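Undergrad: Okay, here's what each chain looks like letter by letter:
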Amino acid sequence: DTEVTQTPKHLVMGMTNKKSLKCEQHMGHRAMYWYKQKAKKPPELMFVYSYEKLSINESVPSRFSPECPNSSLLNLHLHALQPEDSALYLCASSPDRDSYNSPLHFGNGTRLTVT
Amino acid sequence: GESVGLHLPTLSVQEGDNSIINCAYSNSASDYFIWYKQESGKGPQFIIDIRSNMDKRQGQRVTVLLNKTVKHLSLQIAATQPGDSAVYFCAESPGGSARQLTFGSGTQLTVLP
Numbered sequence: 026d027t028e029v030t031q032t033p034k035h036l037v038m039g040m041t042n043k044k045s046l047k048c049e050q051h052m053g054h055r056a057m058y059w060y061k062q063k064a065k066k067p068p069e070l071m072f073v074y075s076y077e078k079l080s081i082n083e084s085v086p087s088r089f090s091p092e093c094p095n096s097s098l099l100n101l102h103l104h105a106l107q108p109e110d111s112a113l114y115l116c117a118s119s120p121d122r123d124s125y126n127s128p129l130h131f132g133n134g135t136r137l138t139v140t
Numbered sequence: 311g312e313s314v315g316l317h318l319p320t321l322s323v324q325e326g327d328n329s330i331i332n333c334a335y336s337n338s339a340s341d342y343f344i345w346y347k348q349e350s351g352k353g354p355q356f357i358i359d360i361r362s363n364m365d366k367r368q369g370q371r372v373t374v375l376l377n378k379t380v381k382h383l384s385l386q387i388a389a390t391q392p393g394d395s396a397v398y399f400c401a402e403s404p405g406g407s408a409r410q411l412t413f414g415s416g417t418q419l420t421v422l423p
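Protein sequence lines, in the order shown, are assigned to chains A and B.
For the first sequence, the positions run 26 to 140 when our numbering is used.
For the second sequence, the positions run 311 to 423 when our numbering is used.
Isolated chain B (complex conformation):
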């Protein structure tokens, strides 16, 4: 069936380095994508989103890249900080509807001192 998944379940990076978290999706009808950050003991926190008519979107220290040809989404975090340690989920929505949001399996990002 259709699914959203991540290539790596865990990722460790040195403080100050850039992080790249990947996500593969298989539902070609998906046209809205979101990255959430979930810290221990908290709910998912919105980081950045992108619509299918875009290839790239930048926020503060974060960039999301969308490659519709290979159905791939990535989140880049610049100058990774200890506070970036969390689980990152990608989520996709066919038709862009909030009620149809499907989450990927998550990547645990650990920032090493």
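Here chain A stands alone, though its shape is the one from the complex:
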């Protein structure tokens, strides 16, 4: 079992809906990440939080809004998504943003379908 927990596992939403993805880790890691993964493709970095502050935004559209309420939680708020946003959204964590020689720990993702 992964030490990074993501909910929900599956989400279907319409283009006018507002929904949120949640991620939680209790490993004491201070960096958390959102990745997007399309079918048969590698994960693509979206956001990095370091010590609860947004550190990296990889030019992600504003319809995706991350939030880090505390060091253990990471949310991704979704609004006015497009069908092409359908993907697996992965959360990951590491001891800190600049952890050297330390792998990212991934959750099992939320499978998002936008109708």
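No lab work stands behind these hints: they were computed from the structure.
Do not rely on the hints blindly, as some may be mistaken.
[What the hints assert, rightly or not] Among chain B residues calculated to face chain A with C-beta under 10 Å, some are:
1. I344
2. P354
3. Q355
4. R361
5. S395
6. A408
7. Q410
8. T412
9. F413
10. G414
11. Q418
12. V421
[Claimed, not checked] With a straight-line Cα cutoff of 16 Å, these simulated EDC-like cross-link-like pairs (lysine to aspartate or glutamate) come out:
13. A:K34 to B:E349
14. A:K66 to B:D365
15. A:K63 to B:E349
16. B:K352 to A:E28
17. A:K65 to B:E349
18. A:K78 to A:D123
Note that the coordinates shown come from a computational prediction; the quantities given were computed from them, not determined experimentally.
Using N, Cα and C, we set each Cβ at its ideal position, and we do this for glycine too.
Since the structure of chain A is already known, use the hints to place chain B on it.
TA: Relative to the frame of chain A, chain B by itself:
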């Protein structure tokens, strides 16, 4: 531009045989490499990593080889089992930083009975 890629998109092996999955990288600044396994419906799972000051590292049934001269990374799986069927991604990091991790395109490993 710099990229991490795999030689083969798919690989099929007989159960019990050894598997070798290859990965080429072009960023000479990369000094930390990771192999992830991703099963259907799950997130990437860490398998093994290696730093650039090493040529080889072994884990349980897995070995990673790093050839810095030709910028090549490989993952060897001994006595491949049905549970090894998955997509395998190599990832590399310039400077070894977690936030700079770049993933390769992935190889689908299928274990045949």
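Undergrad: Which of the numbered hints are not met once you compare them with the structure shown?
TA: 5, 12 and 14
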